[in-house]
Amino acid sequence: MAEFSHTELLVGAVARMLEGLRHVAVGASSPIQGAAALLARALSGGRMRVSVLGSRTNNFFTDGGRELFDCAAQGRIDAFFLGGGQIDGQGNINLVGIGPYPKLDVRWPGSFGSAYLYFLVPRVILFREEHSVRTLVPKVDFISAPGTSAANIYRPGGPYALLTGKALFLFDRALRRFRLESVHPFSSVEDVAANTGFEYDRAPDIGPTPGPPAEWLALLRGRVRDEIAETYPQFAATALSAP
Amino acid sequence: MAEFSHTELLVGAVARMLEGLRHVAVGASSPIQGAAALLARALSGGRMRVSVLGSRTNNFFTDGGRELFDCAAQGRIDAFFLGGGQIDGQGNINLVGIGPYPKLDVRWPGSFGSAYLYFLVPRVILFREEHSVRTLVPKVDFISAPGTSAANIYRPGGPYALLTGKALFLFDRALRRFRLESVHPFSSVEDVAANTGFEYDRAPDIGPTPGPPAEWLALLRGRVRDEIAETYPQFAATALSAP
Amino acid sequence: MDAPFLSLEDLVAEIPDGIMLAVPPDYSGVAMAATRALIRRGVKNLHLLAVPTSGIQAELLIGAGAVSTLEAAAVTMGELGPAPRFTALVKSGAFALKDSTCPAIHAALQAAEKGLPFMPLRGLIGSDILAFRPDWRVAENPFGDNDPVVLLPALRPDIALFHAPLADRAGNVWIGRRRELMVMAHAARRTLVTVEEIHDDDLLADERMASGTIPSLYIGAVAEAPRGAWPIGLEGRYEADGEHLALYVRAARTEDGFRRYLAEHVLVERRAA
Amino acid sequence: MDAPFLSLEDLVAEIPDGIMLAVPPDYSGVAMAATRALIRRGVKNLHLLAVPTSGIQAELLIGAGAVSTLEAAAVTMGELGPAPRFTALVKSGAFALKDSTCPAIHAALQAAEKGLPFMPLRGLIGSDILAFRPDWRVAENPFGDNDPVVLLPALRPDIALFHAPLADRAGNVWIGRRRELMVMAHAARRTLVTVEEIHDDDLLADERMASGTIPSLYIGAVAEAPRGAWPIGLEGRYEADGEHLALYVRAARTEDGFRRYLAEHVLVERRAA
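Protein chains in written order, with our numbering: chain A, 1 to 243; chain B, 1 to 243; chain C, 1 to 273; chain D, 1 to 273.
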C-alpha cells in the first residue's frame, strides 16, 4: 500500500466521488476540493471539465459573477462543494453564525451562494475538516441552505456526501439522513460516534476510507500539484509532496 | 431663405424636436431619422449622444441585442423613432398587417421592439413619409403598440409627434389625440385634411413647417453627410447634396 | 472536454426534425452555409425562433417547407423590402406564427439562461401582440399597487445555430460584441456553430479575446465554413452581397421562382462567391 | 457627451451621505484608494451593497462608522480569516445587516438593469436567509402547478463605485471579463470609476477591447488612481498585498487597533506602496 498524507487521503476520497461527471465547479478557498477535481479530471482522459473559481487557467467563465449560478441552473454543473460552520443531520448548513439571529454570539462571513447552489447542483459534496460536536450538530442555529425540501419545491440538487477529517457519510435524500460509509485511518467508528452531534445511519459494511492508489498519488504529486499551484501555491508546496 | 430638398426639410423638422436631449437612439433602416439625430448632435456642442443601430462608429452598445431595451428601461434613452404601416388617431401603430389577424390580407415584417420602446422612451417620434388615408387610419387593424395606456400601466414613454411627408402633428397625451402643428411646402391644410383618415385637432397657428436654416444645411451637407454615409452610403450620396 | 469539430454536413446532421431552433438576426452572424446544408438534408417541422428577427435564413427555411412554427419579432429583407416567402406563406397558414417583440424574445431566452420558469417584462399591455399570445400572462407586481406586468415563459431552444468569426482548437468561440449569441448558447440545450476560421491560440488565454468568447462548455460542435454567412455579411469581415440578395427577392416573388432559386443556389452544393 | 475626469478627491465628493453604494467583490476591481478618500471626507449613513461579497473595503467603511445598512452575501478576509470589524460590529447592532446570497444580489441588480420591478429566483425556499428578508416574496409560478418561486425586488444603487484597468479619453471603461461591473454600471443611477491608467485610443474602435468595455454613457466620472485597488490586487496587473492585509487583520482585532490603522493608513493621505 502506498504511503499518503491525511490531505492526500481527503483529496482521493473527494476525487472518487467525482468519477464520470462532465463538469465540476470549485468555489473560493477550497484547495483540497480543487486538487480533487483536477485529479478526477486527470483520471477522466479529458472527458471532465473543471472550473476553479479564483484560477485564471482553470476558470473559463466570461459572463461575470452571475455565470456560475446561471450555469448551475442550466444543469451544466454536476458537482459543487459547500461547507458550513454548522452542519446538521438533515443536511442543513449554517454559514452565518451561532446564537439567535440577528444578534448572534458568533458571526461567520455569510451564506455566499449556498442558498442557491445547494438547490441546483445535483451532487453537492459537503466538506468540513473539523469533525466535532461543535460543527456536526443536531440542528443548525441558522439555515443558510436547507438539506432537503418539500416535494413541490424545484430542487434538482442537494447533498450527496459529507466528508470530514474523520469519516465519509453519504446522504440519503429519501430518508433525509446521513449514513456513515467509511472511517479514515487514525479514527474509528467509536471516535466518529463520540464526535458527531447528530444522529446518522450506519452502512452495513463500514470500512476504512480507501487511500489513493499509487497512480493517483503520482498524478497528485506531479501534474495536479502543478495545476493547483497556480491558485494555491502554498498548499501545492506543502500538502502535495511525497512524504 | 436657403433652398433645401424635401428630405432636408424632414431631417430638419426631426432635428428640431431633439434639441436639448441627452441621448437619441435610431433604429434600423432609418436614414432620415439618423441624419436628423446626427444633425442635432452636431448642433448640441457635444452634449448629445446618438446611437445609430447598424452603425459601427455611432453605436456603442457592448451588451448584445438586449442592451437597447435595457438602456431604454433604465431611462437612458430620451428619444426613439417608430413608424407603422397604419397609424391611427389615438397614436396606435400597426407594423403587422391589414385584415383580420392572423389570416391577414397584407402582411408586414412584424412589430420589432415597438411594443416595448413605445412604453419606455419618453419622446417617441412617429415617422411615416406616406401621408394617405391608407396609412393614417381611424383605427389600426392590429395594435403592435398602443398610443396610450390606462393610468395604472407603467408607461414613462409614448408618442410625442407624427411627422409625415405632408405635415407635422404633435400628440396630446391628455386628450389622446394628434394636433396639426405645421404643413410642409407643396401641401396645405386642405390637402392634409383630405389625406388623413383619422380626426385630429388643429393648433391655433398652423404655419408652414420651417425649413432648416443655412447653418443646419451646411452641417447636413458636410459633417452629417459624412457621418451618416457609414451606415447609409446611398442616402448620403443622393439625398444630402446641395441641390 | 472540448467541442468536436465536424464537417458542415455532419454538423447539420446533428439537427433533428421537429426541434426548436434558435437563429440570430442578420447583423449578428447567420449560419447561411449551414442553413443550405440543413435544407439539403431535408429538415422538417422546425420551431424556428428568430432572436429576435430574421431575413433570408427564415425565408429559405419557410419556403423549403421546413418550418411548422415561427416565433419572431419581424421577418424582413431590410432595405430590399418585404420577405416574399414569409409574406406569401404566413397568409396561407403553411406554418403557425407567434408574433413577438424583440425584448420579449431576449427576456424569455434569459429566463432559460437563468433556469427560471418565467421573466417579467414591461410594455406590451394593450397591444394585440399580447392579446394573441395565450402563452403569456399578465400578473400583478407584488411589490406595487395595481401595477400589472407581463410574465413570459422561458424559451429554451433545443439547438442554437449561428456563425462566428473564430473558434480555437478547444472549441471556444469568439463573438466579440455580439452578446446575443452568448445568451443563445447559454439558453439552448445545445449550440452548433460555424466559423470563418480556426484560431490557433487559446482564446481564453488572451484577456482581450476572452471577454468576447463563449467557452466551449456551451458549444456542442463546430464546423469551419469560410464565408459561411454569405449572402449575409459578417461584421468586420465582409459586407452583405446586396446583388445576390436582390436576385433572391426577385426570384422568390413567386413559388416557381423560389423553387428555381432553391435548385440553383441551395440544393446543389456550391462554394460561396 | 463624455464622462468627466476628476481628481480622486473630487470623485468621492460626488458620493453624498445616505445613498445606496454598490461595490464589487475582491476579485473584480475594488476602488480602495477612492474608499480611503471617501472615509477621509467623512461619509456617513451608507447603504452599502456588496456585489455580492466584500472584504477590506466593507471592513474600513464599517469600522469608520460610515455604514448604516449593509447588504451582502458574505464579508470575509478570505484566507486571512474572519473580517474583524464586520464580525465585532454586526453583533453590536451598529448597522443593519441584510444577509443575502450571491445570485440574489446579481438577480436584483439585473432587475434594475432591465427596469423591472422584480426578478424571480430559484432556490432559497426553506432557508433562514429568506425567512429574515421581509422585503422578498414567495409567489406561485403561474406557468407551473404548485410551484412556489422567490421574487426579489430590484436593487437600484444610487452609485456604483469600482476600479478598472483602463479608461479611454471619452470615459469608456475596459473591464475585460469582469461583467458584474457592467451590470452594476447599468443598474446604478450613476457610476464612478477609478482606473489604473488612461488609454489613448478609443476602446470601442478595437473590436477586441470593445467586447470588454462599458460605454461612457453609463459612466458618471473617472479618476486616475494607479494601484487604486491596493492592498487588494487587480487581475492581470498586480497581486494582493498579503502582508499589508495580514497587518490590517491583526490591527483590527480591537477597536483601538483599528483606529490606529485608520489614522496611519487612511486618514493621512499617502501613496500606495
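Don't take each hint at face value.
What the hints assert, rightly or not - Taking lysine-lysine pairs in the DSSO-like style, the calculated list, with each CA pair at most 30 Å apart, reads: (1) 91(C) / 44(C); (2) 103(B) / 139(B); (3) 44(C) / 139(B); (4) 44(D) / 139(A).
Unchecked claim - Okay, the calculated beta carbon distance ranges per label pair: (5) 140(C) / 215(B): 34 to 40 Å; (6) 202(D) / 213(B): 30 to 36 Å; (7) 22(A) / 223(B): 53 to 59 Å.
Don't read these hints as lab results, they were simulated from the structure. The beta carbon of each residue, even a glycine, is placed where N, CA and C say it ideally should be.
Consistency of the hints with the structure:
no. : hint                        : verdict
1   : 91(C) / 44(C)               : holds (20 Å)
2   : 103(B) / 139(B)             : holds (18 Å)
3   : 44(C) / 139(B)              : violated (39 Å)
4   : 44(D) / 139(A)              : violated (39 Å)
5   : 140(C) / 215(B): 34 to 40 Å : violated (53 Å)
6   : 202(D) / 213(B): 30 to 36 Å : holds (32 Å)
7   : 22(A) / 223(B): 53 to 59 Å  : holds (56 Å)
When each numbered hint is compared with the structure, violations occur for hints 3, 4, 5.
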